Amino acid sequence: MHPVLKLVTQRVALGILLLLAVSVLIFAGTQILPGDVAQAILGQQATPQALANLRAQMGLNQPAYIRYFQWLFGVLHGDLGKSLANGQDIATEIGGRLANTLFLAGVSAAIIAPLSVLLGLVSALYEGRWPDKVLSAITLATVSLPEFLLGYILMFFLAVEYPIAPSVSTVFDSMSFWEKLHAVTLPVMVLVLVSVGHTMRMTRAAILNVMQSAYIETAELKGLRPFRIIWRHAFPNAISPIVNVLMVDLAYLVVGVVVTEVVFVYPGMGQYLVDHVAKRDVPVVQAVGLIFAAVYIGLNVVADVVSILANPRLRHPK
Amino acid sequence: MADLILDIRNLKIEATAYPPGEPPQDIVIVDGVSLTLEKGKVLGLIGESGAGKSTIGLSAMSYGRGGVRLTGGEVRLGGQEIRAAGPRALRAIRGDRVTYVAQSAAAAFNPAKRLMDQVIETSLQHGLSTRAEAEKRAVMLFAKLGLPNPESFGNRYPHQVSGGQLQRAMTAMALCPKPDLVIFDEPTTALDVTTQIDVLAAIKEAIRDTGVAALYITHDLAVVAQVSDDILVLRHGKMVEKGSADQIINAPREAYTKALVSVRQIEHPAKPATSPVVLSVDHVTARYRGTHFDVLKDVTVELRQGQTLAVVGESGSGKSTLARVITGLLPPRSGRIRFDGRDLTPAFANRTRDDLRELQMIYQMADVAMNPRHTVGTIIGRPLEFYFGLKGEGKRRRVQELLDEIEMGKGFIDRYPAELSGGQKQRVCIARALAAKPKLIICDEVTSALDPLVADGILKLLLNLQKVEGVAYLFITHDLATVKAIADSIAVMYRGEVVRYGTKTEVLAPPFDDYTDLLLSSVPEMRLGWLEEVIAHRRMEAAGN
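For the record, the sequence lines run as chains A and B.
Quick note on the numbering used here: the first sequence kicks off at 1 and runs consecutively.
Quick note on the numbering used here: the second sequence kicks off at 319 and runs consecutively.
Read the hints as simulated data drawn from the structure, not as lab findings.
As the structure is a prediction and not an experimental result, all values here were calculated from the model.
One thing to keep in mind: the hints can contain errors.
Claimed, not checked - The calculated DSS-like cross-link candidates involving lysine-lysine, where the alpha carbons are at most 27 Å apart (straight line), are:
(1) B/Lys-785 x B/Lys-757
(2) A/Lys-6 x B/Lys-431
(3) B/Lys-431 x A/Lys-318
Using the sequences and the hints, build the whole thing.
Given below as structure tokens:
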């Protein structure tokens, strides 16, 4: 078996194993919360008989590990259970929201990935000179600002003073792709501003690290243009650390955007999760937790695989 | 003169030093150097480290490494002054009219790109030829430089070929854009001697066939004598002597040049094998954890009290592994080691304190073998404290005695390693080993990182100390000149086996086995025409077979 294939298979298998472990943690975590689901549904005034009936009906008097495997079996077949709050099927309810979240994250990622790498390359190219310092100052400032503040500032200027984008980003199924894109302009801007600094700085640091290598001197002595040296000779050797930070940023776009969603009233996963946590809707919390964990682990597996593929020693063994 | 390629006049090169706690100061690295180079000629630049030879070489591309600046004089390339040229003009020259071959091709090639793409990159970027033409020329050069499968060699990545092949590929990369001038910066220094000779011959032939001018930079006079028409001797950034290769080698005028020519001629008659055996390595076989082949195969050698056993071989021959086995860093799979009449425990962690004390080690890199934040007194004092319990004034007195023994005298005891020269650092490491009053010192390539004259000083010191202290040396080296200078007996290692073993006179006298013959005949000799003789001789033998 080709060593790369072996390593990649290993990574993917490890990712699946990790996801299983996380599912155990999520299930156990929701089990040790005080009170139980039956109590939560029926309220404080419920009679003991009613509680016992409901527990039996929901299978809550079975041992925890059996319930875990029942839950896992359901999840693997696309059945995430029913919401306690409104009795709706969670999978159907999440479907649309997950699509919204992925849309927002996807649009942001499509801007963040190339932009942050490009800015990082420019910073490295002008190391210590004014373009580097200006970029560094701006991105540091936007990374440091809280998302809600950034959101309201953008809203004030770009929705109120110079109205080029709506301040409420609610999207509906009936909207076309371009209408949706227009609706999410401001939240995308917020997400880009708070994330682009990380990957940009890592790109800059990784490139400058590689620029110390003897083969960069070789490239300089070939009389190559500085940007070609950075792009063709330094960047291919700096991919691994850059991709790792980029993937953490992308994971944040899916799992950590609740504040931005609330500010712009965007119907995504974050807001959905917060709503149901407030209602102690355990099955929803479990389902959303599992989806977020899958996104996180999946993106990190992607980062690992890209790192493996970027290494010529692994790709082309002796 | 139309054929004048390079004309450097009164060159001055400066850099800024940042001594800790003091304001930055400008230091002069090269001063008042002038040289000319005609088409098709090779000029050798020779000197010790710090002589400024690489700096001068790179000035022909108007390139300063780190913060180095070309501050005075003229650098004319084919009549065009380039010292103060702007970046655009310099980019047009670099890689096009002047190219560079680095000491470590392994580091100078980009690990992420195929060799072919790197070799033809300059030709394409400077618009000198089409991709097809450049690839054709590269393949032609690969073939000329004796690379295997020249048609497909370029498809490989740098990590897929050997060090000697990479060095040739770098030469091909330098010659591909048809430059006027190639700078060779120690192109064979990092190679084994048997590889060096082939690369040297390939470079010389390529220079002759392409008619390019070359600056050949090295610290090894015997090497530069094989490839150069003229030689310029440098020291501390200044010119010492300039002349034809013949004159420099056979009739040097300056005292410093004479010292360089006569280096490595320490006479050391082998001692008779009468003293008792201090170390015997008995049928030792060893391998590293997680690997599936033996790095040492059934090795048996002996070392007598007060004598030196030189273990010689190329990289990968297992000579350093032998040291690791004896010191207990790598317990052997089979065989045993007897030291001073007793069996040594395989793993060092289980050895007695006396076993540890009587067996000391000195390393190739004195720099990294010392804690940079300890003073010389602390470094040498540590074994005195650990093995003999010396403290305070008594310890300090003994440290000073040891410093006297290594000929460093007063004023060094409170210095830090960073304030010492390379040779002085190695002397401190020797003193630290001596402090334990050992019966055996393992010297692992202790002179390989040093300049020839400094290395000579260290070897003389080691010989003197052996006379006074009666200590035995296991001397690991790849350098046969060092072996001749210091050994009483010799073990030649090849791929984990001892292929030849005996007293110095026995080992160095014919008839030789094939490998020892190859090794001995590959050591450059300080005379003109040596390279041609060896190559011709080998071709004849190959034809005879």
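Hint check:
no. : hint                  : verdict
1   : B/Lys-785 x B/Lys-757 : holds, 13 Å
2   : A/Lys-6 x B/Lys-431   : holds, 23 Å
3   : B/Lys-431 x A/Lys-318 : holds, 15 Å
Of the numbered hints stated above, none is contradicted by the structure.
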